[in-house]
Structure formats: structure tokens, C-alpha cells
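A.B. asks: Below, each chain spelled out in residue letters.
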Amino acid sequence: MSLTTAFNTAQSSLLTTATQLATSSRNVAGAGDPSASRKITVTTTTADGSARVVNITRASDNLLYERTLRATSASAGQQAVLQGLGQLQLTVGDTTSSTSPAAKLGALDNALNTYANAPDNTTLATAVVTAARDVAIGLNAATMTVQQLRGTADSKIADAVSQVNDLLTQFQAQNTAVVVGSENGTDVTDALDKRDAILSKIAEKMGVTTVTRAYNDMVVYTDSGATLFETTARTVSFKSTPVFDAATSGNSVFVDGVSVSGPSAAMPVQSGEIAGLTTVRDSLTVTYQNQLDEIARGLVATFAESDQTASGAPTLPGLFTPGSASVPGTLTPGLAGVIAVNSAFDPTVGGSPALLRDGGANGAAYVVNTASAAAYSAHLQATVTTLEAARTFDPAGQLSSGTDLATFAAGSVSWLEAQRQSASAASDSASAVLSQASNALSTTTGINLDQEYAAQLELERSYQASSKLIGVVGQLYDSLFAVIR
Amino acid sequence: MSLYGMLRTSVSGMNAQSNLLSTVSDNIANSGTAGYKSSSTEFSSLLLQTDSSSYESGSVVTDVRHAVSKQGNLSYSGTSTDLAVQGNGFFMVQDPSGQTLLTRAGGFQVDAATGNLTNSAGLTLMGYDIADGKSPNVVLNGAGGLAAINLQNTKLAANPSTTGAFAANLPSNAAVVAAPTAGANAAASSFSQKSSLVAYDNVGNQVTLDIYMSKTAASPATWEVAVFDQADAPATGNFPYSSAALATQTLTFDSYGNLASGGSISLGVPGGQTLAIDMSGMTQLAANYTPLTASVNGNAPSSVSGVTINKDGTVYATDSNGRQSAIFKIPLATVESPDHLTPVAGNAFIANQESGAAQVGFAETAGVGSVVSGATEQSNVDMASELTKMIVAQRDYTANSKVFQTGTELLDVLMNLKR
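Residue numbers (my numbering), protein chains in the order written: chain A, 9 to 493; chain B, 1497 to 1915.
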């Protein structure tokens, strides 16, 4: 080991230490950034014994990162479902709240019973009509809320899709930087960090899986396998529906030409905000609307008037009108939105509430109380019995059939609450998994300031030692030069 | 006549030491010259005829040596065109007159006028043109086939895609798709899964290939793979494409989900070459559809954004899309006895009879060494030993001069015997 070599080695050590210190200061600067990973200076000993910086890498754990991505998607999806159900519940309330269709139905039942006990009391008749109007308005309002919620979910999907497209464009820029840098052997750690951060944001919107190719080139698929990014960003498209009614079904999200959301999706995404919003738009709200429609159909059928003269005239709507002339026999989408109180019964527009007792809103053939007896209660009692009788409901409402209308309405509220609770539990567990995974990832790849300080102290010592060595070599030369006079 | 002999001997001694001092001064002057190889002197005695009763002083002859084979330390710069050889090889360079020389001085830079890589002595680095997949035209013992490494005229041609790989797990419990499948390209065609890949045509346009996978039979598990050009896709819906499938292939899987037949698909990229996609990694297991491998070669034309040089001496141009293409191969020459090479100005050497003829080889092969990019080889002069040699030489020179002085003084005494 000659003096020149010693000099050279000490000099290379200074350079290396300076680079390591610069890396450490980058780490300290990035300590507040959750997406920044710990940068590591890779040094090597060269053939002549000196040290040299080969490249700068970053702490990474692919398995944990992928786990975090999955947890991010799952949590975002559950969050979207929970939010939608929360809004629905806020507006519909519970069975005891006066705002829910179930509570209003109960009020109608009470008023009808009271009136049946005193058929000659016009005030009680008016009270029944008022309660009926409340039920109709309540169902109308609930339908509007549900459909507005579907519209909101739809426009949120449109927002999410445009964000995914933006993010994919950004992803392409960072991916190109990573590939070019990796091929040229330059420091790509910052670009990798940025690319990871962008991918996490995409994962919030829709579940993703990735494949890494040569030179850190990343290919991104949805969790169902549709191509989102491969060399170039693929198009994610969605045509939003401005207004929803019960008969409207929303459009699908297309990734690279494949539908990935909606009932007829070829490769449906499993998680992420878009999947959650699609569940709200196409499944939960639709089921709830079916339940409302079935309640409305039950009401129309209960109060329908039948022909009393055996002349074969059809059964026609009575107190409640379904927006059409006939009484619907099957699930009619949107019925709850158009149900109204027949004006023939409504005293505020000149109708007669006594028609409840007598029948005949649809003409003379439908009059039950032909004698116009003031104390005639048989028709009212029959109506109460029908209202409280078990009915057959469409299975699309996902509630048990063969119950009476009040139980069905209460069941609808419990169904909603059960959905909300299970969504809340799922959301809690998804966010717990996310926080665990993020913590684990941050512990593995994140920046630990203590570690950095310790490393800096060590680097300082190393720098001092190298400088000392240079000083010693310099002195040796000086003594050599002193010999030559 | 030993007194005159003594004078001659001391003069030869002084000459020898001044030779040594010359090498020392050259070494010290070039201690910072990249690729400089230190010179040293060895002495041998030349004796005249002597007998037991008298001594006839002889003289000393100088033999100049060059420590060409001694590796210098590498100094890392970070410039990709700074090259060093770790091992025995030499770069082959050409001087302006066209003569091929050997050198270890690898601080190459792009010469603005010509675009060639030249070092500080103005010598041009030579290599073999291997752009577009040409194989190097090597003449083992000469400079034939060598061309100046020129980075100025490097235009990346678009490379059409020719090979690729696509592998995925196909879900084993996917439902069998009713006819027509994707390959039929009918409006009612249905499929199980779809992915897409970017390929390049002859002029470098991106062609996105839609790959449809449809399960056609459950036992034995059979899938149909159909590849379409996405440009032909209908405005709405998936089918029908305006032209038929570029290729279809039937994959069958055994009962363990391993691929039994149909491990590759070959298709003509529209406006491009025949692209063979390796699908041997396909599996059919009870898991979700998961793409595992997706790659296609080729690149779009794009300006050169950087040059990288590999350990094996291959010069790659990197375009702004990040694709690399090999454009030159830098050969390394070796000789039997490097220390006997004739040094010429500019830290270069010429092979001669004693050193043996230059043999052309490539880095990373036996006995040649490797090319280190981003570093130059420092001079192998050791300053401390040069300085100590200098001190010794100074003392020896002085001693010789004392001998000369004594000789002349004795001659004076002799002259003074006769007055």
C-alpha cells in the first residue's frame, strides 16, 4: 500500500461520506412526507481498496406495499358504501321516527281504526285522508331521496373516473422517468416514490394489481385484470346519467374497452371507491326502492275499490292512486314516487272523505254503503282487515313475503339498518387493516429520524478519520520533501 | 590506464543517474495524467577485460522499463463516456494519421466537429458498428472492420415488435362462454377476460393489441385466445371489430391447470412484423384472472437521451422512452508482453516485435478484463517512491562526480610531476 494509494483511498472515502451525508439529509428533509421512502447509499470497495458510491436505492417491501394497496382499495370501497347508506338512513330515519314510511303507515292504520269505530265522525274521516296524504308524501320524498342518492353516486363515479384518467397520465410520466433512469443507472428513487404515491391514489378509486417488468417498468391492471397501464395509459371512460328515476339504470365504467362496473360488467372490479359507489347505485338503492314500491303497491291494493254490482267492472284504485287507471298486480318501479291521495277523497280540493266509509269514488257501481247509513262500518272494518292482512311481496325487495304491510315497512327499515351496520363493521375492519398495513410499511420503508441522526454521527466520525488520514499522508510527504534540500 | 578509465566510468555513472532522474521527472510530471504508465530504469554493469593484478573499470548501461501492465487506481467521475479498463486489455484508438494505437487513457469526450469519441490526446476510440443487430466484424489480429465510435449520427431507427410474452392465470371456475366467442368477431361475441399490449409497427407507431380470452370447454379445459387491433374496435361495445382477429389460438390445460398445448401465438402486427407472443406461462388455476407477465419488444423512434456503456464494452443509446439499443461494441486488445510496448506521445502504445502483436478481443472474456464506465485510470506512478528514488539518484550522481573530481585531481598530480 503506497502513499498515493492511501491518499486516493482517503479521498474516495471523503467523497463517499459526503454522498451518504447528502442522502441522509434528503431523508431528514423527507421525514414529513408519508410517501417518501428511506434512501440508501450503496457503496462498494473497488479493486484498489477505495470506496465508491454505486447508486442510491430505497428501502422497499413489495409484499407489504401490495398489501397496503389492496387495503386502500378495500377501505375506500367500504367507505363509499357506508357513506351512501348513511345518507339514506339520515333521510328515512327509523321506525319510531315520524319521518319514516313505516311510522307514517302506523299513523294511517291508527286513524283508520279510530274512524272504523266512529264511522259517522267526519273529522276522523278527514284525519284518515290527512294520514294517507302523509304516507303518500313520505313515499314520494323517500323515492326522491333514493334516486337523488343514485344520481350523486353516479356523478361521484364520473369524478372518480376523470381522476383515474388524470392519475394515469401522471403515472405514465413517472413511469417513463423511472424506466429511463433505471436504464441509464441514475438515481430514480424519487420518481419511484412519486409513482408509488400515484398508484396508491389510483387504488383508492379502483382495486389494482401490478406486474413489474425489466428496468422497473410497471404494468397496472384492475383487480379484475383489465389493463389500466401498459407502456401507455389506457382510457377509462364513463358516461354519467344526469337524472335518475326508478326505471333508470346507470352506465358502466369501461377500462380499455371492457366494462368493469355495473350489473352486466364483463370483468367487474372488486374494490375501490368506484366499486363501492356502483354497489350503492345499482344494488342497495335499487333494493330499497323496490321495497318502497312494494309498500306503495300494497297501499293501492288495500284501498282499491271493487265492483259491487257483479257487472264485471275492474277493480280500480281508491284512496291511493298509482299514477295509472288500474291497480298494479306486480312490482312497479317508481310507484312510490307517483303514489298520491285520490282528490275525490280530499276535502281540501272539494273531495269527500266519507267515500272511505261508503265506497264509490269510481262511480255508482263501486258504492258499498248503498243505504248511505251514517254508522255503516263494515267497509271500513274490511279495509282495516285488508291493511293488516298478510300479503305477497316481490322477492326483489329482499324481504320476507307473506307479512302484513306494517311489518314489511318495518322490515325495510331494519334491512337498511342491518346493511348500514354490516357496511360499518366492514368499513371499520377494512380501515383497521389499512392502518396496520400502512404502519408496517412505514416501519419498513419509512424514514426514522433517530436512525438518520445516528447515521450522521457515524458519517461524521468517518469523515474525520479520512481527513486525519489525508493529514498524515501530507505530513509524510512533507518529511520526504524536507530531506530534499 | 585506470585513471582515464575511472573518469569514463564516473561519466557513465552520471549519465545513468541522469537517465534515472529523467524518468523520475517524467513520472512526477505525469503523476496526474490519466492512463500514464510509469517508467523506471534498471542498470547493468559493463566490465572490461581484467586480470588478477589489475582492475580496468568498466561502465554502467541503462535499461529503461515501462510498467505498462501495472494497473492504476480508478478515479470515478460519473461521466458515462469516461472509460477505464480493469484488467489487461487496451482500448484501440486511431491517431489523426490513421494509425491504430493502444491506450489505457480513457477520458473520452464527444468531439463537437465530428461526433467521435476522442480522448485528451485527440485519439479517436474505435469499435465495431453493431447497430440494427449487425454482428461485429472482427479481425482477430488487426484493425480491420473497426470504425470510429460516433455518437453524433446516431439516429434510432424504429424497431418493430417481433417477440413478446404474455402470461396470466385464467380462472379455472370461469363459466364456459356460449358461441360466438371473441374469435368469431360477431356482434354477439362474448369473452371471459381481456387484456391489451402495446406493440410497434415498422415505422414505430404504437399498435395496441386487444387480447380476448374465452373459455370454450370445461373438460378438457380449453380457452380461445383472440388478438385484435384496438384501432379497429367499434365505437360502442366490444364487437364486432372492423377487421377479423389478427390471430386466434386454442389453449388446453391439463387437470392440474398446467398448459398442455398452444403455448404461443404468432400474429402480423398491422403495418409491422410478425410478432410471436410466448404464452407458455399461462395457467388455469382456481384463482382470479391475474396477468403475470406482459412484455413486447420494439420501440418508437425517439431522440437519444443518453449513452450507456456496459462492462462488456457494448455502447447503448437510450431514447427518451427509456428503450436501449446497442449501437457499438468496443473491443479490447491484448499483447503477450505489455511492458515491452513502445510508448508514443499521448499515453498510447504501439505493438512491436518484443511485445507481440495485438490480439483483438472483447471485454468480460478471459484475460482481457472489463470496461468500467464513468471512471478513468489514474497514472500508476507512486509519488513517494519516485521522490526517494530521486534522493538516491542525486546522491549517486554526486558520488560519481566526486569520483570524476578525484580522477582529475590525481591527473593534475600526475601532470605536476614534470615541471
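Simulated from the structure, these hints should not be mistaken for laboratory data. Treat each hint with caution, since some may be false.
Said to hold, decoys possible - Covered, in the sense of this in silico footprint (three residues per stretch, anywhere, with C-beta under 8 Å from a C-beta of chain B), are these stretches of chain A: (1) 11-19; (2) 90-98; (3) 149-156; (4) 218-228; (5) 233-245; (6) 476-490.
Glycine included, C-beta positions come from ideal geometry on N, C-alpha and C.
A.B. asks: Taking the hints in turn, state whether each one holds.
C.D. replies: A quick look at each hint next to the structure:
no. : hint    : verdict
1   : 11-19   : holds (count 4)
2   : 90-98   : violated (count 0)
3   : 149-156 : violated (count 0)
4   : 218-228 : holds (count 6)
5   : 233-245 : holds (count 7)
6   : 476-490 : holds (count 4)
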